[in-house]
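Student: Please construct the entire structure, taking both the sequences and the accompanying hints into account.
There are 2 protein chains.
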Amino acid sequence: MQRMMLFERFSRSFRENPSFSKLLVVLTVSGSGLVAYSEAQSPGVPVATEASEANKKKRIVVLGTGWAATSFLKNLKDPSYDVQVISPRNYFAFTPLLPSVTCGTVESRSVVEPVRNIIRKKGVDMHYLEAECFKIDAANKKVHCRSNLNNNLNGEEEFVVDYDYLVISVGARVNTFNIPGVSENCHFLKEVEDAQRIRRTVIDCFERASLPNLSDEERKRILHFVIVGGGPTGVEFSAQLHDFVNEDVVRLYPDVKDLVKITLLEATDHILSMFDKRITAFAEEKFQRDGIQLKTGSMVVGVSDKELSTKQAKSGEKSVMPYGMVVWSTGIGTRPVIMDFMKQIGQVSRRVLATDEWLRVEGSDNIYALGDCATINQRKIMEDVSAIFSKADKDNSGTLTVKEFQEVSKDICERYPQFELHLKNHKMHTLVDLLKESKGDAVKETVEVNIEEFKSALSQVDSQMKFLPATAQVASQQGVYLAKCFNRMKECETNPEGPLRIRGEGRHRFRPFRYKHLGQFAPLGGEQTAAQLPGDWVSIGHSSQWLWYSVYASKQVSWRTRVYVISDWTRRFIFGRDSSRI
Amino acid sequence: MQRMMLFERFSRSFRENPSFSKLLVVLTVSGSGLVAYSEAQSPGVPVATEASEANKKKRIVVLGTGWAATSFLKNLKDPSYDVQVISPRNYFAFTPLLPSVTCGTVESRSVVEPVRNIIRKKGVDMHYLEAECFKIDAANKKVHCRSNLNNNLNGEEEFVVDYDYLVISVGARVNTFNIPGVSENCHFLKEVEDAQRIRRTVIDCFERASLPNLSDEERKRILHFVIVGGGPTGVEFSAQLHDFVNEDVVRLYPDVKDLVKITLLEATDHILSMFDKRITAFAEEKFQRDGIQLKTGSMVVGVSDKELSTKQAKSGEKSVMPYGMVVWSTGIGTRPVIMDFMKQIGQVSRRVLATDEWLRVEGSDNIYALGDCATINQRKIMEDVSAIFSKADKDNSGTLTVKEFQEVSKDICERYPQFELHLKNHKMHTLVDLLKESKGDAVKETVEVNIEEFKSALSQVDSQMKFLPATAQVASQQGVYLAKCFNRMKECETNPEGPLRIRGEGRHRFRPFRYKHLGQFAPLGGEQTAAQLPGDWVSIGHSSQWLWYSVYASKQVSWRTRVYVISDWTRRFIFGRDSSRI
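Protein chains in written order, with full-length UniProt numbering: chain A, 1 to 582; chain B, 1 to 582.
One thing to keep in mind: the hints can contain errors.
Remember, identical chains collapse to one label, so a pair may be satisfied in a single copy or spanning two.
What the hints assert, rightly or not - Restricting the straight-line Cα-Cα distance to at most 20 angstroms, the calculated cross-link-like pairs of lysine to aspartate or glutamate (DMTMM-like) are:
hint	residue 1	residue 2
1	Lys277	Asp536
2	Lys257	Asp125
3	Lys516	Glu453
4	Lys466	Asp276
5	Lys261	Asp384
6	Lys306	Glu157
7	Lys306	Glu156
8	Lys220	Glu157
9	Lys311	Asp269
10	Lys220	Glu156
11	Lys57	Glu493
12	Lys295	Asp356
13	Lys295	Glu317
14	Lys142	Glu505
15	Lys484	Asp365
16	Lys410	Glu505
Note that these hints are calculated values from the structure, not bench results.
Tutor: This is how it looks when you write it as structure tokens:
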């Protein structure tokens, strides 16, 4: 269209050649003094696709652009698929930084990456459609979508996309537990827009409280910030708000700074209950020192536009607190499109969409679900105990020998993770140890057990079953797992790598998904963070804050967001947070 | 509240000691390779105020936080005032960068600075109230305000603020010229929120056009961007959009990039008509080369949700064009609060609020108006011609001598800028030259003129009167001027420094406001800018673009925004523009 100017060529070469920008970024980052350990992977070599193959390509439709979908898309390398990504959100959001966005510690644009950038770098045919899937038609292998732009762009027009494989990763919605007034009066903290809205509202409260002709009582009401839910998000938002008040509000709104009150409500007895007790205790003590009011065992029963009603779980005592802003950060609920889909496939009685251990939706073909919209319905060992027994009893003798046990032991560990966990927790090494224990100390190495003895030995194992938490870490690992399965779909069809099929013949095609917990952070404000790492290693304080900075910088989905986030931290450090109401 | 941690102290010392951050910024900026010439002024030394003086302080109320108000606030140094700033926008926006915000070249938060930061640094008592003044009560020296937060914060409650001096700098609103459909269907580009909305809508158009089940015609409609108004803003937005399409859309939306069409409509015969003809010609040629459709002499007569109707000014030919997005960037109109105020003070027949040459609102006491909401009603020399004659004719002889002329010449030049301009344009030096010309070549140095001859000599002078353009530059200079007047209010009361009062006794307290044009930029895209500097110096191309970068970086209101803007430019250069729909 016009001559390529020197500047543009320079600029374009930067954008098209990731290693250039990495070099520059490393220089920038080193300048900012933050030692961020980086996980950069060398860009995947694009695999050439042949035009003749195009019509044979299997169509994958991915719903969503969150953690699960994005890690799936980033790791899918097999060029024999044609991928359509459908989501109303044309970007991936680094959700763990949302609490930082609410007070301007990090800018909203620094935590998002356009999904088109993510899918563009691949050797795989990937296309993105900005639309919301409102109906999954599993019988006809179609999804119904519309873009919901209710303006002159006619986004309400519907369209249909066919699939061979469907990957559902639409996430969850906020759960209001049907408490009256919550959806009308509370702020949520799930999307980037929520965080932006909270930021504006916080500023609104301070500006409004600074106006004349208000009683002190009214000012106090306006500056009463209530956070419902003592999980990591609620705790981090409280901490961020407290930091904002102490570091920036004191300068900008000196007249009203002493009227600010932050209250954190939690229905159970402790905040951060999923963390180690040491962390909970430290957080509760720090919040008390900081003047953040902590109300545990307190359930919300209703929210009006200016007041929040609570009930003490134990005493049943009711109380009412006037507020300026409420942030609702409790559990998650199922999206309507998933509810509708569950009815279709007969999962009517379930609360959440269930998949098997390979992330396949139970009761449907070629449909996978991962992330917050689904849970893995781990098969109970007791349901299969007879089948396991007869599978292991190769000579059909009616009893199992040690040798027979050992042959199936590895497969059983792989197929039923609760079995491995049970052995580990009881400090046993193999199935044999378990049987020995069940038959008493007298038993010998040459033990043989019959079916009843076998059942009794395994009877306690299923109590070790655990549901995976609805976290970014789980979703991300599921995305990687599923992409790797798709990458080796053909290879593993001929050479299955999974465990022995207990109720069928041969082996499962893939190993089941196994979650590996890498640890968890809970930023507590004042440049202090609690970290719980694998092996129950707990670290609290300023050093963990730097670990937090490093890990979150390294976990960014792109170099762009990495640089943005680090420079936001640097800019906040120098200039403080911006209080403009935009 | 808690022990001061090392990190916090370090961070706070940065924020509280501007020179620290300047040092750091200089290091940062030098690293980014941009040579920005800087205008940093050393921070004003705070002047101690005595508590006993507090009740004697004169109350200034400033309406608005735009260019005029902010430069007034930054330059007001006299601690004997108590200043209340009232504006619904708690930040100053660097409006010349708004077109850059529309396509993500610069982030919205980089072009704003909280007004509380601006007023905090002063030795003067300044307070900010986030509210909109909806009524000026000049008779009782009060303004009526409300904050318009129609939520649980009860922002609709009204309050009243008293003033001794009122400074009106509320800016203008968009002028739709009552063309049907404009306010419902067009985007404007006056506020930061407008720019953010445009950015989202541009992305919406591209996402919507990428969806299946659309005819090619519909795709073309959606990707037809129409800009109404060929002034600097409209031209710059067209250029930005074109750059965005060519630099980023080609990568992100490859399927639809060839369907994009940009049309610029201008009612007169040329775009950028306030610039030198060379610039206009260059811009028109460049746009043609770039494929931006230019329709001059084309007036909009109506806008429906999908179509825009135009009429050719000359031929009267009507046509209709389907569009996806329209940006309306034409003239400005008067805000309702100003209209109401004009009625009160008898300025009913005027289109814009009129002030005298000292920025005082005509027909009211102690009220000043500056920026886009007012125009200076320059006094015509012919209205005062008899008074000037008798003032100059000290001996009441009925004729003026050369000596008598020369004594009032300086005052007349100062009081009537059109007089100085007339002399300059006709290559004359003094009033005497003018009189000589009017009496013909035969006249001698010892000329004497009577009143009729004097009138005839001055009769053409008023044709040189010019209205000041509604630009940031004018508003900013007016703010500085007015602040300096307020700073020397007492000093000049005893020693007036202004010109002789023609229709009264003594001298005016201050010199009248005089605008000094420093030049103007018109960015044309592709890293090219047209610059018109004083003395008709015209520069077009890449070098002007760097001048533009330097000037805009240096003109930033704070070091914070300066660093933000420069790092945005750098980040865009490396990573391109972000296309996330947030």
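Student: Determine for every hint whether it applies to the structure shown.
Tutor: Comparing the hints with the structure gives:
1. Lys277 - Asp536: So Lys277 and Asp536 pass the 20 angstroms test inside one copy only (11 angstroms; across, 74 angstroms).
2. Lys257 - Asp125: So Lys257 and Asp125 pass the 20 angstroms test across copies only (18 angstroms; inside, 55 angstroms).
3. Lys516 - Glu453: neither (33 angstroms within a copy, 100 angstroms between copies)
4. Lys466 - Asp276: within (17 angstroms within a copy, 75 angstroms between copies)
5. Lys261 - Asp384: neither (56 angstroms within a copy, 64 angstroms between copies)
6. Lys306 - Glu157: between (39 angstroms within a copy, 16 angstroms between copies)
7. Lys306 - Glu156: Answer is between: at 15 angstroms across copies they meet the 20 angstroms cutoff, but 35 angstroms inside does not.
8. Lys220 - Glu157: between (48 angstroms within a copy, 17 angstroms between copies)
9. Lys311 - Asp269: within (13 angstroms within a copy, 72 angstroms between copies)
10. Lys220 - Glu156: between (44 angstroms within a copy, 18 angstroms between copies)
11. Lys57 - Glu493: within (17 angstroms within a copy, 87 angstroms between copies)
12. Lys295 - Asp356: neither (39 angstroms within a copy, 62 angstroms between copies)
13. Lys295 - Glu317: within (13 angstroms within a copy, 72 angstroms between copies)
14. Lys142 - Glu505: neither (32 angstroms within a copy, 89 angstroms between copies)
15. Lys484 - Asp365: Cα proximity of Lys484 and Asp365: one copy only (19 angstroms, versus 78 angstroms across).
16. Lys410 - Glu505: Answer is within; shortest intra-copy Cα gap is 17 angstroms, inter-copy 109 angstroms.
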